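J.: Start from the sequences and build out the full structure, keeping to the hints where you can.
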Amino acid sequence: MTARAAETEATERQLDIFEQAMDKRTVKGRSLYVDAWHRLKRNKAAVAGVAILLFIIILVTFGPMLNPWDHEIPDWDNYSTPPSLETGHVMGTDALGRDLFERVMVGGRISLLVGIIATLVSLFIGVAYGAVAGYLGGRVDNWMMRAVDAIYALPFMFFVILLMVVFGRNIFLIFVAIGAVNWLDMARIVRGQTLSLKNKDFIEAARVSGATEWHIISRHIIPNLLGVVVVYVSLTIPQVILVESFLSFLGLGVQEPLTSWGALVNEGAQELETAPWSLLFPATFLAATLFAFNFLGDGLRDALDPRDR
Amino acid sequence: MALLEVNDLMVSFDTPEGVVHAVNGLSFDLEPGQTLGIVGESGSGKTQTAMAMMGLLSENGSASGSVQFRGQELLELSTRELSRIRGSKISMIFQDPVSSLNPYLSIGDQLVEVLTHHRDLKRKAARKRAAEMLHQVGISEPGQRMRQYPHQLSGGMCQRIMIAMGLLCQPDLLIADEPTTALDVTVQSQINTLMGELSEKSSTAIMLITHDLGVIAGLCDKVLVMYAGEVMETADIDSLFADPAHPYTQGLLKSVPRLDKAHSGILSAIPGNPPDLVDLPEGCPFRARCPHAFDKCIEHPDLFDAGEGRHKRCWLDELPPLEEEAEQEEHA
Amino acid sequence: MRAPILKVEDLSVHFRIDAGEGLFRHDYQTIKAVDRVSFELAPAETLGVVGESGCGKSTLARAILGLVAPAGGRIAWLGDNLVGKTEDEMREKRRQLQLIFQDPYGSLDPRMTVGQIVGEPLKNFFPSMSKMQVRERVSGMLKMVGLAPEQINRYPHEFSGGQCQRIGIARALVVNPRLVVCDEPVSALDVSIQAQIVNLLKELQKKLQLSLIFIAHDLSVVRHVSDRVLVMYMGKVMEINDSERIYRNPAHPYTRALIESVPIPDPKLERERARRALGGELPSPTHPPSGCVFRTRCPFAQDKCAAAEPPLEELEDGTRVACVRYAEIKGELEL
Chain V
1 MTARAAETEA
11 TERQLDIFEQ
21 AMDKRTVKGR
31 SLYVDAWHRL
41 KRNKAAVAGV
51 AILLFIIILV
61 TFGPMLNPWD
71 HEIPDWDNYS
81 TPPSLETGHV
91 MGTDALGRDL
101 FERVMVGGRI
111 SLLVGIIATL
121 VSLFIGVAYG
131 AVAGYLGGRV
141 DNWMMRAVDA
151 IYALPFMFFV
161 ILLMVVFGRN
171 IFLIFVAIGA
181 VNWLDMARIV
191 RGQTLSLKNK
201 DFIEAARVSG
211 ATEWHIISRH
221 IIPNLLGVVV
231 VYVSLTIPQV
241 ILVESFLSFL
251 GLGVQEPLTS
261 WGALVNEGAQ
271 ELETAPWSLL
281 FPATFLAATL
291 FAFNFLGDGL
301 RDALDPRDR
Chain C
1 MALLEVNDLM
11 VSFDTPEGVV
21 HAVNGLSFDL
31 EPGQTLGIVG
41 ESGSGKTQTA
51 MAMMGLLSEN
61 GSASGSVQFR
71 GQELLELSTR
81 ELSRIRGSKI
91 SMIFQDPVSS
101 LNPYLSIGDQ
111 LVEVLTHHRD
121 LKRKAARKRA
131 AEMLHQVGIS
141 EPGQRMRQYP
151 HQLSGGMCQR
161 IMIAMGLLCQ
171 PDLLIADEPT
181 TALDVTVQSQ
191 INTLMGELSE
201 KSSTAIMLIT
211 HDLGVIAGLC
221 DKVLVMYAGE
231 VMETADIDSL
241 FADPAHPYTQ
251 GLLKSVPRLD
261 KAHSGILSAI
271 PGNPPDLVDL
281 PEGCPFRARC
291 PHAFDKCIEH
301 PDLFDAGEGR
311 HKRCWLDELP
321 PLEEEAEQEE
331 HA
Chain D
1 MRAPILKVED
11 LSVHFRIDAG
21 EGLFRHDYQT
31 IKAVDRVSFE
41 LAPAETLGVV
51 GESGCGKSTL
61 ARAILGLVAP
71 AGGRIAWLGD
81 NLVGKTEDEM
91 REKRRQLQLI
101 FQDPYGSLDP
111 RMTVGQIVGE
121 PLKNFFPSMS
131 KMQVRERVSG
141 MLKMVGLAPE
151 QINRYPHEFS
161 GGQCQRIGIA
171 RALVVNPRLV
181 VCDEPVSALD
191 VSIQAQIVNL
201 LKELQKKLQL
211 SLIFIAHDLS
221 VVRHVSDRVL
231 VMYMGKVMEI
241 NDSERIYRNP
251 AHPYTRALIE
261 SVPIPDPKLE
271 RERARRALGG
281 ELPSPTHPPS
291 GCVFRTRCPF
301 AQDKCAAAEP
311 PLEELEDGTR
321 VACVRYAEIK
331 GELEL
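Chains as they are written, first to last, in our numbering: chain V, 1 to 309; chain C, 1 to 332; chain D, 1 to 335.
If you are wondering where the hints come from, they were derived from the structure by calculation, not from laboratory data.
Note that the structure is predicted; figures quoted are calculated from it, not measured.
The C-beta atom is built at its ideal place from N, Cα and C for all residues, glycine as well.
Mixed in with the good hints there might be a few duds.
Using 30 Å as the maximum straight-line C-alpha spacing, the simulated DSSO-like pairs for lysine-lysine come out as follows [claimed, not checked]:
id	chain 1	residue 1	chain 2	residue 2
1	D	K207	C	K261
2	V	K200	D	K93
3	C	K254	D	K123
4	D	K207	V	K198
5	D	K207	C	K254
6	D	K143	D	K131
Residues of chain D placed beyond 10 Å of chain C at every Cβ, according to the derived structure [claimed, not checked]:
id	residue
7	I5
8	I17
9	E40
10	G161
11	Q163
12	R245
13	S261
14	P289
T.: Given below as structure tokens:
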């Protein structure tokens with residue numbers, strides 16, 4: 001037998017042993033996100049956060065359908081009544097006799113909607129902008145980020161007040177105003193992550209595999225950004241809700257008879273001495289939502305932490 | 001009396017994936033001035049052994065068993081007592097020299113701090129002693145080097161400084177965890193020569209942890225081969241390389257290509273992968289990859305006395321010697 | 001030697017580094033990461049490239065694949081000069097030129113399954129292939145590198161380092177390239193796994209008649225794998241020699257120093273070996289020494305070494321060496 005044949009045979013034998021030794025039990029792989037999900041489920045605070053959020057979302061969505069009262073029409077028999085089952089106002093009424101439960105639910109819809117939509121807007125603009133700037137780098141990156149700096153330099157409140165004055169108070173404008181500022185943060189975070197991802201070997205490997213630049217951004221960069229983005233989103237939503245509350249508190253937010261949690265807190269604060277419940281209920285819902293989002297965000301960050309890989 | 005006596009050391013880590021059994025019943029001892037090599041691949045528990053001895057396990061880790069240093073039980077010491085021993089009686093150098101130095105302090109300040117902390121020296125005396133030490137580890141112009149910061153120096157230079165820092169208080173034991181793995185071959189050779197000289201000159205015992213059999217061969221008196229958290233074989237350096245008694249040691253020796261021998265077609269690799277430390281197999285941990293495995297190996301072997309101060313964890317009485325087996329393969 | 005498949009002539013790659021920002025101007029310094037490197041590679045030949053970290057061996061690999069732009073020179077791939085080609089043109093060429101990385105985990109996208117990773121080059125280079133065809137080819141490839149095709153839906157983090165390196169090899173070979181550049185493919189792996197991967201690469205090379213450029217800092221592995229070895233120091237070629245000859249009769253003092261630095265797993269030999277450890281440190285790449293770059297650490301250096309840069313000269317036996325004192329010190333270099 002020639003030496004070469006012996007060699008090949010030896011290699012084949014080794015490969016055989018190797019194959020036998022190999023584990024053929026599991027066929028379906030566990031992606032990093034599935035792993036993260038398992039870790040998240042073990043985090044009690046995060047699970048509690050998710051439960052609270054689900055409860056609040058279901059309540060504000062379906063609550064008003066089961067409630068006989070309307071958020072605009074006052075109950076002429078009950079002005080500023082405390083919560084009571086007898087009158088049917090489980091959270092009492094406000095100074096104009098409107099059912100507070102109904103108003104908290106409707107306000108919750110607006111607050112959550114503002115939070116989610118404004119965050120989504122900033123998410124799409126920010127991820128695309130940041131990923132492109134970070135991946136292309138060099139002069140393009142420089143110009144794109146200087147533009148971000150310039151918009152940053154505008155005083156936010158001044159910008160919002162200006163919008164309100166020019167276009168009148170409008171819910172849509174609140175989305176625009178908040179989204180227009182929040183995507184800047186997102187773009188910065190995404191750009192930083194992209195810069196570090198860009199130097200990873202697997203991006204170079206993709207170039208060697210014949211991938212185009214667009215393909216690399218969409219198939220390799222963005223999916224790997226998701227972890228950071230998800231965490232950031234879960235922390236941005238409560239931040240946006242808070243900004244909206246603040247605007248409403250200043251009287252720049254939603255317009256009567258529509259309302260939001262921020263507006264309700266504002267009204268409640270004015271009647272703190274006579275009708276404490278009109279502050280207590282919206283404030284409780286607002287605080288619970290903010291807590292829940294923050295717990296969830298922290299849980300997501302721990303679950304997606306790359307150190308555990 | 002032995003300087004260090006480790007008995008039935010167990011180290012485990014609680015992870016979301018389950019309990020990782022990093023070290024499983026490790027025992028060995030070390031005489032003063034001796035150089036012990038611990039060889040093993042990643043995940044063999046060699047680093048965690050050192051970490052457990054020094055009380056540096058990460059938060060989810062726990063150690064049991066006994067580690068006696070000069071008759072003192074290290075595993076029972078408080079953090080405070082341990083930190084008094086660390087750096088003065090036992091010191092440790094790590095794989096990555098640049099990140100083991102504080103980037104915000106000058107080299108001189110870091111060396112002086114060790115002395116003022118452990119030896120109560122005045123700053124001036126400490127600076128003098130530090131400069132002497134740097135000179136000993138082959139650093140020219142120590143005065144100038146002491147004013148520099150870690151990022152201004154090369155990896156090899158930083159490792160020399162780490163060694164100098166480790167030896168400043170004349171410790172009884174120096175633990176070196178892969179001290180040259182991150183360095184280039186030419187620098188590795190410089191550092192190894194230095195460590196060899198120092199171990200000859202001083203009475204410091206050295207525990208050298210590495211995956212490179214070549215490094216062990218040049219530096220150590222005694223070797224401990226680890227696999228999956230257990231000792232597979234212990235022997236003095238010459239007999240281990242001349243006549244490895246455990247199939248794993250043989251496999252390791254055969255799988256590295258050697259510069260001094262004519263090259264011979266394919267390497268004899270050890271097939272398969274190391275076992276999962278969360279779910280260790282029954283019996284001998286090397287069983288699945290062992291070419292000599294037989295039905296008895298399903299039982300866990302003890303560390304048997306193999307005569308002449310050697311020990312091996314294997315059911316086989318005799319192994320075919322290294323060279324012969326290689327020849328047989330060629331004839332086949 | 002058969003007609004070369006790859007001919008590199010005077011290839012240079014320069015990097016500009018920021019040497020600090022003044023108030024009104026940037027200071028830049030140029031590093032010659034690869035400096036006028038020339039070599040040839042025959043079909044089915046393996047060329048080893050060795051040198052210390054920072055010697056430019058990885059940059060050389062990336063320049064050949066067009067991943068960094070050369071500052072000058074020629075890379076003739078089957079007679080076609082690759083220097084100056086656009087990214088689109090290079091993308092097409094990379095069907096024949098592939099790369100295997102050092103870091104087995106870092107070179108695989110953690111969000112993709114093994115099937116997606118190995119299938120990616122096929123989808124990019126052969127868009128007309130059907131899903132079934134891709135899957136079949138990927139399964140076959142996985143089998144060839146010693147992985148079970150059942151594992152096609154798993155993710156990289158579920159594999160060991162050695163297995164990930166097998167995945168990387170499968171990805172490089174799936175498009176049937178003619179040249180594979182291996183950038184330190186085994187240095188991140190455990191000893192027992194290194195041998196598996198080295199054997200696999202050698203076997204596949206024989207089977208598929210690949211040309212390999214095998215980059216490593218470990219001389220014993222390089223010698224084992226290569227037909228010829230190229231020794232680099234500070235971006236320049238010091239020596240190109242036959243792999244058997246280079247370990248007995250190194251022609252350059254630096255090669256000899258490298259060989260002497262490698263520890264040998266034999267205690268008796270190690271103790272007897274009179275170590276002439278290479279002194280000193282790598283010079284700063286922004287201010288390399290005049291003349292021969294190695295002269296600051298060379299035990300044989302003389303005044304004339306500083307005068308002019310030694311050319312890479314071809315000796316009678318085909319060895320190429322860049323040392324002006326080669327003829328004088330030949331006898332002393334033998335091992």
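J.: All the hints need checking, so say for each whether the structure fits it.
T.: Verification of the supplied hints:
1. D/K207 <-> C/K261: Between D/K207 and C/K261 the Cα gap is close to 26 Å, so the pair holds against 30 Å.
2. V/K200 <-> D/K93: Cα-Cα ~22 Å, so holds.
3. C/K254 <-> D/K123: Violated, because 41 Å separates the two Cα atoms, which is more than 30 Å.
4. D/K207 <-> V/K198: Roughly 35 Å separates the two Cα atoms, so the pair is violated.
5. D/K207 <-> C/K254: Holds - the C-alpha atoms of C/K254 and D/K207 are around 24 Å apart, at most 30 Å.
6. D/K143 <-> D/K131: 18 Å, holds
7. I5: 24 Å, holds
8. I17: 15 Å, holds
9. E40: 23 Å, holds
10. G161: It is violated; D/G161 is separated from chain C by about 8 Å at its closest Cβ, not greater than 10 Å.
11. Q163: The claim breaks: D/Q163 does not keep its Cβ more than 10 Å from every Cβ of chain C (closest is about 7 Å).
12. R245: 12 Å, holds
13. S261: It is violated; D/S261 is separated from chain C by about 4 Å at its closest Cβ, not greater than 10 Å.
14. P289: The claim holds: D/P289 sits with its nearest Cβ about 16 Å from chain C, beyond 10 Å.
Checked against the numbered hints given earlier, the structure breaks hints 3, 4, 10, 11 and 13 and satisfies all the rest.
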